[in-house]
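A.B. asks: Here are the chains, one letter per residue:
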Amino acid sequence: MRMTSIMAAVAATLLTAAPVLAQDVAITGAKVLTGTSVIENGTVLIRNGRVVSVGTAAAPAGIRTIDARGKIVSPGIVAVDSGLATSEVSSVRGTNDLSNSANSLTAAFDVSYGIDPWSFTLPTARLGGVTRAVVTPQHGGSGGGHSHDDSGFDDMTAGAGHGGFQSPGLFAGQAAVISLKDGTDILVKSKVAMTAPFGEAGARVAGGSRGGQFVLFKETLNEVRAYQRNKAAYDRGDMRALSLSRADLEALIPVIEGRMPLIVTVNRASDIRQVLRLAREEGLKVILDGAAEGWLVADEIAAANVPVLIHPITNLPSNFEMRAARMQNAAALNAAGVLIALKGNEGANHRARDIRYNAGNAVSHGLPFEAAIAAITVNPARIFGFAGQFGELKAGAAGDVVIWSGDPLEPLSQPEAVLIDGVEQPLDTARNLQLRDRYLPNAAGNRAPAYTY
Amino acid sequence: MLLNRLRGPSLAVLSCAMGALLLSACATTGEASSSNAQTPVKSESRALATGLNSASDLNPYPSTYAPLPRQNMAIVGATVFDGAGRKIENGVVVVTDGLIAAVGDASTPVPQGYQIVDGRGRFVTPGIIDIHSHLGVYPSPGVQGMSDGNEVTGPNTANVWSEHSVWPQDPGFHTARAGGVTTVQILPGSANLFGGRGVTLRNVPSTTMQGMKFPNAPYGLKMACGENPSRVYGSRNQTPATGMGNMAGFRAGFIAAQDYRDKWNKYRETGQGTPPTRNLQLETIAGVLDGSIMVQNHCYRADEMALMMDMAEEFGFKIKTFHHAIEGYKLAPQLAEAGICAAMWTGWWGFKMEALDGIEENAAIVDAAPNSCAVIHSDDAELIQRLNQEAAASLSAGRRAGMNISEERAISWITLNAAKAIGIEDQTGSLEVGKRADVVIWSANPLSVYARADQVFIDGSLSFDRSNPAYQPVSDFELGQPGFNRPAAGTAQGAR
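One line per chain: the protein sequences are Y and B, in this order.
The opening position of the first sequence corresponds to residue 470 in this note's numbering, with each subsequent residue numbered one higher.
The opening position of the second sequence corresponds to residue 127 in this note's numbering, with each subsequent residue numbered one higher.
The set of hints was computed from the structure by calculation and includes no laboratory data.
One should not assume that every hint holds.
Interface residues of chain B toward chain Y, partial, derived using beta-carbon atoms under 8 Å [what the hints assert, rightly or not]:
hint : residue
1    : G239
2    : V269
3    : D483
4    : E486
5    : A507
6    : A519
7    : Q607
If you anchor each label on the Cβ, the simulated ranges turn out as follows [stated by the list, open to error]:
hint : chain 1 : residue 1 : chain 2 : residue 2 : range
8    : B       : G268      : Y       : V684      : 54 to 62 Å
9    : B       : G465      : Y       : W587      : 55 to 63 Å
10   : B       : R357      : Y       : K687      : 38 to 46 Å
11   : B       : A432      : Y       : K687      : 40 to 48 Å
12   : B       : S593      : Y       : R749      : 20 to 28 Å
13   : Y       : D768      : B       : G268      : 25 to 33 Å
14   : Y       : G857      : B       : D602      : 35 to 43 Å
Which residues of chain Y face chain B? A few of them, derived with a C-beta cut under 8 Å, are [stated by the list, open to error]:
hint : residue
15   : D585
16   : A801
17   : Y908
Given the structure is predicted, the values throughout are model-derived calculations rather than measurements.
Just so you know, even glycine gets a beta-carbon here, dropped at the ideal spot from N, CA and C.
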């Protein structure tokens with residue numbers, strides 16, 4: 470066994486870990502999955518943190534070269550609907566900055582302030598090839614699959630809360646994009662999308678039924694428009710009482726103008742149709758989240774040109790709004806021409822590394838391999854307005870690259886190198902690997918001493 | 127009925143051996159078991175009504191399971207993982223009357239008249255066993271009226287039996303079978319110190335729990351350490367509110383059960399006085415003390431496992447398996463030495479404090495200790511469909527750490543070791559002669575994310591066939607629901 474040398478290498482890494490500058494680098498000889506195509510024996514050239522070229526040309530002379538023959542190279546995985554860096558231990562409320570329950574701050578809740586670049590969730594997620602994440606506020610309808618989060622989110626029924634504001638709000642706050650690079654400046658962009666629960670969770674928020682929620686939702690958008698038209702009157706106190714705070718009203722202006730996408734968590738086919746209609750009537754730019762029964766109305770979603778965030782292993786009728794849940798949902802939506810992104814499990818935080826397995830399972834249930842790779846790399850970037858900036862290996866995009874020992878969707882493959890903005894990331898700093906090394910038996914079957922004095 | 131499964135010192139066994147005086151203690155009403163069954167001794171005097179006798183009525187909700195129609199067959203040409211650590215290329219698996227008759231290489235003879243199943247290009251494993259499932263007790267749909275998995279009314283509910291909560295129409299049984307799962311242990315939840323008895327089921331379609339019940343499988347008692355009991359009861363200002371309260375609650379339960387057992391033994395030995403009033407709670411814990419009921423212990427942290435192991439010595443019982451053993455790797459040699467199985471996830475961590483130190487290499491490190499028993503479990507209606515992938519991820523993590531682990535070894539984590547962890551290894555869990563023919567034929571190496579279970583056999587009966595609609599059961603609940611019977615992306619609903 471080669472454990473001793475591995476542990477020595479880990480120690481060496483720890484000793485030398487320090488901020489690293491972007492280096493120019495060429496990755497050669499690999500099968501390159503660019504996100505939109507496949508290049509055999511390809512060369513990925515990165516300068517100043519960005520991809521300069523992807524092709525079959527030889528590496529320029531003098532540049533640092535990573536020989537990746539026999540490997541597979543892909544763009545870094547982009548986690549959507551993620552809680553990375555925003556919740557250390559799900560049940561420990563003090564570490565969890567993914568939701569806000571003050572009724573005066575719903576739509577305005579900005580998840581970006583809670584992002585912690587020192588979070589121990591980040592190095593672990595990098596081990597799954599994840600390099601960017603769309604950190605998304607949680608609400609009563611959030612989540613992919615069964616959750617072991619014991620913290621619970623209040624399923625309060627709304628009404629006029631303190632100050633006459635909606636409580637809880639129809640909106641759960643604004644998402645942010647981060648990179649997973651080792652360092653302190655990981656926020657890429659805040660306020661990239663607004664979130665709102667629909668379906669059963671949305672109905673609960675609004676008073677108990679869907680009919681209540683849609684009416685209240687439209688009325689709330691009207692309030693935002695009224696506020697936008699009459700800001701001066703509002704500031705003078707010369708305006709009727711509104712059900713949202715000024716901060717929330719402000720936060721919703723880009724939404725009603727169709728500039729900021731609205732992530733709508735919705736699963737039942739009939740609810741999806743209602744949401745598509747709402748978006749059409751109100752001029753909203755929506756992203757469907759969940760859409761467990763989406764395959765039943767795939768053509769309508771495609772016709773509306775609305776993208777979908779899918780948890781591809783949701784296939785049980787875990788409640789009455791996903792009785793038609795099937796493993797083939799991703800395949801069916803993709804075949805209908807819907808732009809899809811595949812989600813991880815349990816909020817893609819501690820288990821963000823499962824995203825690639827979820828994509829693999831979508832493949833074994835009918836999604837073409839290339840579409841699955843796109844759905845965890847380039848599609849999320851496109852859906853959230855970062856087309857060409859990251860998520861694909863293409864000139865001008867960020868140098869986010871993973872070199873895999875084999876097929877990235879296979880559990881038996883592992884990332885051998887992860888580059889973010891062209892910088893090779895430390896892989897051995899993950900807390901889970903430090904725990905492992907403390908208890909790993911050596912070749913003689915003995916353990917490393919857990920504590921040395 | 128389960129006297130043949132007694133493990134360790136047992137007053138009940140001693141009583142039986144002493145003979146005539148102790149008649150009622152030795153009476154059996156269940157089916158005779160397959161191996162080394164004790165001779166039942168019939169009670170002829172001082173008979174109590176069956177419902178009042180703590181020893182005579184051990185299986186009042188007996189299995190009515192009967193295998194589906196089947197024929198003798200041989201699976202030929204596949205790569206066989208036998209579950210017991212062997213990998214056979216171009217193998218032959220012969221099934222006679224629902225039992226494994228032979229497993230070997232291409233030279234293995236196939237008797238005349240047997241159906242030949244072409245396994246070329248495919249892989250064969252034993253049926254997967256999930257020892258930690260809440261299918262049927264926390265079914266889909268997960269609505270309030272169906273939430274029957276946790277009797278959260280007191281920290282000691284050893285008197286409840288999960289088999290009384292199992293809803294056989296849970297669609298999750300069918301999706302699990304499509305993932306190659308042929309046997310499940312259904313446990314109560316973990317809110318209570320003593321959560322109640324679990325039940326082991328054959329994963330076959332049935333309208334009753336009894337129609338699924340694994341004949342003569344030992345009962346397990348679900349116990350739970352850690353955050354859940356102390357959180358649930360502490361938040362009600364009841365005991366246990368702390369880790370030490372948990373231990374006090376466990377010990378009180380075993381003390382009471384010892385007392386109960388002694389009263390019954392004394393009554394049986396002397397034949398005098400009034401018989402003790404039957405107490406279902408203490409009866410189950412007494413079953414742990416006499417070794418007839420196996421402790422299935424939800425316990426995340428290494429330090430808490432060590433306390434439970436000391437407590438087992440204190441009261442003279444055996445812990446069969448630690449479930450959710452997130453920190454099993456910190457205690458791997460001790461677990462192996464004590465002969466305790468550890469059931470683990472690969473990827474789950476961080477959802478609460480006691481899950482903070484979960485690592486992907488857990489199973490690999492636990493497995494590396496001599497005489498270990500590493501198991502991968504699900505506790506989840508989605509994960510149970512992909513235990514083969516969870517094992518693959520553990521294997522991959524172990525290899526990343528430089529450990530030399532074979533694929534056939536990893537398969538044992540979801541087959542033979544799982545069978546050992548619930549005491550059915552003499553019946554299933556590996557493709558070895560004489561065992562039940564629980565067999566999965568996979569489209570590819572089951573450690574690949576792309577592998578699908580093509581065919582699933584339970585006791586030699588074809589129970590799922592991905593390409594034949596006649597073998598794609600759906601539950602009653604699924605009928606007439608949105609999308610029912612509509613293919614999704616060209617795939618029939620029952621093909622999953």
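A.B. asks: Look at each hint and say if it fits the structure.
C.D. replies: Hint-by-hint comparison with the structure:
Interface hint status for G239 (chain B): violated, as the beta-carbon distance to the closest one in chain Y is roughly 36 Å, over 8 Å. The beta carbon of V269 (chain B) is positioned within 8 Å of a beta carbon in chain Y (closest approach about 7 Å), and the interface hint is therefore held. At a threshold of 8 Å, the smallest CB-CB gap from D483 (chain B) to chain Y is about 6 Å, leaving the interface hint in force. Taking 8 Å as the C-beta cut-off, the interface hint given for E486 (chain B) holds, the closest approach to chain Y being about 7 Å.
Given the 8 Å rule on beta carbons, the hint for A507 (chain B) holds: about 6 Å separates it from the nearest Cβ of chain Y. With its C-beta approaching chain Y no nearer than about 4 Å, A519 (chain B) sits inside the 8 Å limit, and its interface hint holds. Among the interface hints, the one on Q607 (chain B) holds; its C-beta lies about 4 Å from the nearest C-beta in chain Y, closer than the 8 Å criterion. Hint check: G268 (chain B) to V684 (chain Y), Cβ distance near 28 Å, so the stated range 54 to 62 Å is violated.
Range check, G465 (chain B) to W587 (chain Y): Cβ separation about 42 Å, and the 55 to 63 Å hint is violated. At about 41 Å, the beta-carbon gap between R357 (chain B) and K687 (chain Y) stays in the expected band of 38 to 46 Å. Against the hinted window of 40 to 48 Å, the Cβ-Cβ separation of A432 (chain B) and K687 (chain Y) comes to about 59 Å, which falls outside the hint. Between S593 (chain B) and R749 (chain Y), the C-beta spacing of about 42 Å breaks the proposed range 20 to 28 Å.
Evaluation of the 25 to 33 Å hint for D768 (chain Y) and G268 (chain B) yields a pass: the beta carbon distance comes to about 30 Å. Between G857 (chain Y) and D602 (chain B) the Cβ separation comes to about 51 Å, which falls outside the hinted range of 35 to 43 Å. For D585 (chain Y), the shortest C-beta to C-beta distance to chain B is roughly 14 Å, which exceeds 8 Å, and the interface hint is violated. The restraint placing A801 (chain Y) at the interface with chain B holds, with a minimum CB-CB distance near 4 Å, inside the 8 Å limit.
For Y908 (chain Y), the shortest C-beta to C-beta distance to chain B is roughly 5 Å, which falls under 8 Å, so the interface hint holds.
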